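K.L.:
Order-wise, the sequence lines are chains R and D.
All residue numbers for the first sequence refer to our numbering, where the first residue is 1 and numbers rise by one.
All residue numbers for the second sequence refer to our numbering, where the first residue is 1 and numbers rise by one.
Honestly, the hints are just simulated from the structure, not real lab data.
You may find that some hints are simply not true.
SDA-like mimics (lysine to any residue), calculated; alpha carbons at most 20 Å apart, straight line [stated by the list, open to error]:
| hint | chain 1 | residue 1 | chain 2 | residue 2 |
| --- | --- | --- | --- | --- |
| 1 | R | K236 | D | L203 |
| 2 | R | K272 | D | K157 |
| 3 | R | K99 | R | E187 |
| 4 | R | K75 | R | K65 |
| 5 | R | K65 | D | F12 |
| 6 | R | K75 | D | Y18 |
| 7 | R | K65 | D | Y18 |
| 8 | D | K19 | R | A64 |
| 9 | R | K84 | D | S96 |
| 10 | R | K152 | R | E141 |
| 11 | R | K84 | R | T106 |
| 12 | R | K45 | D | L102 |
| 13 | R | K104 | D | F91 |
| 14 | R | K132 | R | I220 |
| 15 | R | K164 | R | I199 |
| 16 | R | K264 | R | P166 |
| 17 | R | K99 | R | A116 |
| 18 | R | K126 | D | F200 |
| 19 | R | K152 | R | L131 |
| 20 | R | K126 | D | A199 |
| 21 | R | K217 | R | N197 |
| 22 | R | K152 | R | Y194 |
| 23 | D | K145 | D | H53 |
| 24 | R | K168 | R | E144 |
| 25 | R | K45 | R | T59 |
| 26 | R | K272 | D | T95 |
| 27 | R | K84 | D | Y179 |
| 28 | R | K84 | D | I92 |
Examples of chain R residues toward chain D, derived with CB under 7 Å [as the list claims (entries may be wrong)]:
| hint | residue |
| --- | --- |
| 29 | P29 |
| 30 | N31 |
| 31 | T50 |
| 32 | E71 |
| 33 | Y73 |
| 34 | Q85 |
| 35 | G86 |
| 36 | K87 |
| 37 | D226 |
| 38 | A230 |
| 39 | L251 |
| 40 | N253 |
Just so it is clear, the structure is predicted and the values come from calculations on it, not from any experiment.
The C-beta atom is built at its ideal place from N, Cα and C for all residues, glycine as well.
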Amino acid sequence: MKNRKMKFTALALAAACMMSFSACGSSIPENTVNSLADLDAGGKKIGVQTGTTGDLYSTDEYEAKKINTVERYNKGADAVQSLKQGKIDCVIIDTEPAKVFVEKNTDLKILDEPFADEEYAMSIDKSNTALKEEINAALTELKEDGTLDSIKKNYVGTDEEKGKTPYKSPEDVDTSKGKLIMATNAEFPPYEYYEDNKIVGIDADMAQAVADKLGRKLEIQDMAFDSIIAAVTAGKVDIGVAGMTVTEDRLQNVDFTDSYATSKQVIIVRAK
Amino acid sequence: MSHFIELFHRDFIQDNRYKYLLTGLGNTLLITFFAVLIGIFIGFLIAIIRSSHDKMDRPGFLLNFLNLLSKIYLTVIRGTPTVVQLLISFFIIFTSPNASKLMVATLTFGINSGAYVAEIVRSGIMSIDAGQMEAGRSLGLNYAKTMRFIIMPQAFKNVLPALANEFIVLLKETSVCGYIGLADLTRGGDIIRSATYDAFLPLLTVAAIYLIMVCGLSALVGKLERRLRTSER
Numbered sequence: 001m002k003n004r005k006m007k008f009t010a011l012a013l014a015a016a017c018m019m020s021f022s023a024c025g026s027s028i029p030e031n032t033v034n035s036l037a038d039l040d041a042g043g044k045k046i047g048v049q050t051g052t053t054g055d056l057y058s059t060d061e062y063e064a065k066k067i068n069t070v071e072r073y074n075k076g077a078d079a080v081q082s083l084k085q086g087k088i089d090c091v092i093i094d095t096e097p098a099k100v101f102v103e104k105n106t107d108l109k110i111l112d113e114p115f116a117d118e119e120y121a122m123s124i125d126k127s128n129t130a131l132k133e134e135i136n137a138a139l140t141e142l143k144e145d146g147t148l149d150s151i152k153k154n155y156v157g158t159d160e161e162k163g164k165t166p167y168k169s170p171e172d173v174d175t176s177k178g179k180l181i182m183a184t185n186a187e188f189p190p191y192e193y194y195e196d197n198k199i200v201g202i203d204a205d206m207a208q209a210v211a212d213k214l215g216r217k218l219e220i221q222d223m224a225f226d227s228i229i230a231a232v233t234a235g236k237v238d239i240g241v242a243g244m245t246v247t248e249d250r251l252q253n254v255d256f257t258d259s260y261a262t263s264k265q266v267i268i269v270r271a272k
Numbered sequence: 001m002s003h004f005i006e007l008f009h010r011d012f013i014q015d016n017r018y019k020y021l022l023t024g025l026g027n028t029l030l031i032t033f034f035a036v037l038i039g040i041f042i043g044f045l046i047a048i049i050r051s052s053h054d055k056m057d058r059p060g061f062l063l064n065f066l067n068l069l070s071k072i073y074l075t076v077i078r079g080t081p082t083v084v085q086l087l088i089s090f091f092i093i094f095t096s097p098n099a100s101k102l103m104v105a106t107l108t109f110g111i112n113s114g115a116y117v118a119e120i121v122r123s124g125i126m127s128i129d130a131g132q133m134e135a136g137r138s139l140g141l142n143y144a145k146t147m148r149f150i151i152m153p154q155a156f157k158n159v160l161p162a163l164a165n166e167f168i169v170l171l172k173e174t175s176v177c178g179y180i181g182l183a184d185l186t187r188g189g190d191i192i193r194s195a196t197y198d199a200f201l202p203l204l205t206v207a208a209i210y211l212i213m214v215c216g217l218s219a220l221v222g223k224l225e226r227r228l229r230t231s232e233r
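When you get a sec, could you build the whole thing from the sequences and use the hints?
P.N.:
Here is the structure:
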């Protein structure tokens, strides 16, 4: 009896495997997006991460005008996965994460033509002007003494520069003025991502440097990207730092500090 | 008040944002409806296999095999989270570019629901006194007919509240569709939320729509229950 049961199990598993493989056989369609003009021609499926600038721009540019359809994913990585499987035609996303995705996936490429230019800044509640002034002053100092540049180079520099200049807090840093709580969405390399169970990246280091200047202890809270501004306005966190672009819609709800980085929105497509 | 009107305008009127909720609602209803049908079909089939197997002294080769398959299905489906099943369907099984998200979601939720419906229906069948089967058989009905005309109608009435519960859960469970980028009702609210950065109105509206749907469903089931009860006399 036992033996018979084993046989059945094996049979059932084999059947299950066959069924799942039969569904995989389909081929991935050829890339049809080679320039912005191809997107303007219409009829494409654009993948984005919900609430990002890629989402906002492509919604305004294409979805509202019924030119292309926009598919929104929780994570940029999910959109890229769908692109690889041919479920969508391209992904519009910030240039740095795009480079990371393409580096890891040789079957993808970034189009030379950027989709849009943008500036990153920290979001902060409108009532919190005192903190905003403090942060702006700290940012100006960090820009002038080269700290900001060396933080960026540590993550996105040339191969020789990468990993060479990690930010370290000064030895005698004081944290007497309390906490600086930052909201982020740590799925956005190289700006913020997990490494050894810790959130690292340009934004994390830059915020740490700002906190050191302010005499506060940095605390990072990871959340969904589209919850960050809600957390800032609700006063749950002090600042939102997540490669966040300054846009008109966002300015209706929050203030932004001075910009600390410039970036581009680019288009990822399948290489073939 | 004017602030509220402004918010309302920004959340729903501007750029026709209410359409996200409408298409989302449509998708949610479509997925739930067909998933319920699939769930009922799979559920009843498995429940009959399992209860027939359990009631028989010497189940044959085929029944043993089907029972084992059912058990594997129940274990796997009930042992893994729906979200994970949805992601597996979308990213591993249906990798084809032509596989529609709606189809993937409907199948996943249908197969998921089937496992729960199966056990609910089995509990109903097992709750019917063995004498009912004996009575049916001594009236000259064969096994299948006794099942169909005597056991199942009684079992169905017993499990109706539990079944309604399962379908309510299913309706709300579809809110995880956003994981595969499918614009269901919850996702519709999220899209508005991510465009306007207002959490208040979109979330409350979405909650209210789910609540209304569940109330409607409960009312329908209540009506059915009452009708079945009157036929008792």
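K.L.:
For every hint, state whether the structure bears it out.
P.N.:
Now the hints, each set against the structure:
Between K236 of chain R and L203 of chain D, the direct Cα distance comes to roughly 18 Å. Compliance with the 20 Å bound is thereby established for this hinted pair. Annotation: proposed proximity of K272 of chain R to K157 of chain D is violated, straight-line Cα distance about 58 Å (limit 20 Å). Of the pairs offered as hints, the one joining K99 of chain R and E187 of chain R holds, with about 14 Å between alpha carbons and a cut-off of 20 Å not exceeded. Between K75 of chain R and K65 of chain R the alpha-carbon distance is near 25 Å, which puts this suggested pair outside the 20 Å criterion.
Under the criterion of a C-alpha separation no larger than 20 Å, the hint pairing K65 of chain R with F12 of chain D is consistent with the structure, at around 18 Å. A C-alpha spacing of about 24 Å is found between K75 of chain R and Y18 of chain D, which places the hinted pair above 20 Å, so the restraint is violated. Taking the CA atoms of K65 of chain R and Y18 of chain D, the gap is about 16 Å. The hint holds against a cut of 20 Å. For the hint linking K19 of chain D to A64 of chain R, the alpha-carbon distance of about 11 Å falls within 20 Å, and the restraint holds.
At roughly 11 Å between alpha-carbon atoms, K84 of chain R and S96 of chain D fall within 20 Å of each other, so this suggested pair holds. Proximity of K152 of chain R to E141 of chain R is assessed by CA-CA distance (about 15 Å); at most 20 Å being required, the pair is judged to hold. Between the alpha carbons of K84 of chain R and T106 of chain R the distance comes to roughly 10 Å, so the proposed pair stays at or under 20 Å and holds. Simply put, K45 of chain R and L102 of chain D have alpha-carbon atoms about 16 Å apart, close enough for the 20 Å limit, and the pair holds.
Only pairs whose Cα atoms come within 20 Å are accepted, and K104 of chain R paired with F91 of chain D is accepted, the gap being roughly 18 Å. Simply put, K132 of chain R and I220 of chain R have alpha-carbon atoms about 18 Å apart, close enough for the 20 Å limit, and the pair holds. For the given pair, K164 of chain R sits about 18 Å from I199 of chain R by alpha-carbon distance, which is consistent with the 20 Å threshold. Only pairs whose Cα atoms come within 20 Å are accepted, and K264 of chain R paired with P166 of chain R is rejected, the gap being roughly 24 Å.
Of the pairs offered as hints, the one joining K99 of chain R and A116 of chain R holds, with about 16 Å between alpha carbons and a cut-off of 20 Å not exceeded. A hinted pair counts as satisfied when its Cα atoms are at most 20 Å apart, and K126 of chain R with F200 of chain D qualifies at roughly 18 Å. At roughly 24 Å between alpha-carbon atoms, K152 of chain R and L131 of chain R are farther apart than 20 Å, so this suggested pair is violated. Distance check on the hinted pair: K126 of chain R and A199 of chain D sit about 17 Å apart at the alpha-carbon level, within 20 Å; holds.
Taken as a hint, the K217 of chain R and N197 of chain R pair is honoured in the structure, with Cα atoms around 19 Å apart against an allowance of 20 Å. Restraint check for K152 of chain R and Y194 of chain R: the C-alpha separation of about 17 Å stays at or below 20 Å, so the hint holds. About 17 Å separates the Cα atoms of K145 of chain D and H53 of chain D, which keeps this hinted pair within 20 Å; it holds. Simply put, K168 of chain R and E144 of chain R have alpha-carbon atoms about 17 Å apart, close enough for the 20 Å limit, and the pair holds.
Distance check on the hinted pair: K45 of chain R and T59 of chain R sit about 12 Å apart at the alpha-carbon level, within 20 Å; holds. With a C-alpha separation of about 18 Å, the suggested pair K272 of chain R and T95 of chain D falls inside the 20 Å cut-off, and the hint holds. Proximity of K84 of chain R to Y179 of chain D is assessed by CA-CA distance (about 17 Å); at most 20 Å being required, the pair is judged to hold. A distance of roughly 12 Å separates the Cα atoms of K84 of chain R and I92 of chain D; the hinted pair therefore holds under the 20 Å criterion.
Because the smallest distance between the Cβ of P29 of chain R and any Cβ of chain D comes to about 6 Å, under 7 Å, the interface hint for this residue holds. The closest approach between the C-beta of N31 of chain R and any C-beta of chain D is roughly 12 Å, which is over the 7 Å cut-off, so the hint fails. This hint holds: T50 of chain R has a C-beta 5 Å from the nearest C-beta of chain D, less than the 7 Å allowed. With a cut of 7 Å, the hint placing E71 of chain R at the interface with chain D holds, because the nearest CB-to-CB distance is about 5 Å.
A distance limit of 7 Å between C-beta atoms decides the matter here; for Y73 of chain R the minimum to chain D is near 4 Å, and the interface restraint holds. With 7 Å as the threshold, the beta carbon of Q85 of chain R comes within range of chain D, its nearest partner Cβ sitting at about 5 Å, so the hint holds. With a least beta-carbon distance of about 4 Å to chain D, the hint placing G86 of chain R at the interface is held under the 7 Å criterion. Contact between K87 of chain R and chain D, as hinted, is supported at the beta carbon level, the nearest pair being about 5 Å apart and thus within 7 Å.
For D226 of chain R, the shortest C-beta to C-beta distance to chain D is roughly 4 Å, which falls under 7 Å, so the interface hint holds. This hint holds: A230 of chain R has a C-beta 5 Å from the nearest C-beta of chain D, less than the 7 Å allowed. Interface hint status for L251 of chain R: violated, as the beta-carbon distance to the closest one in chain D is roughly 10 Å, over 7 Å. Here the hint on N253 of chain R is kept, as its CB sits about 4 Å from the closest CB of chain D, short of 7 Å.
Of the numbered hints given earlier, the model fails hints 2, 4, 6, 16, 19, 30, 39; all others are met.
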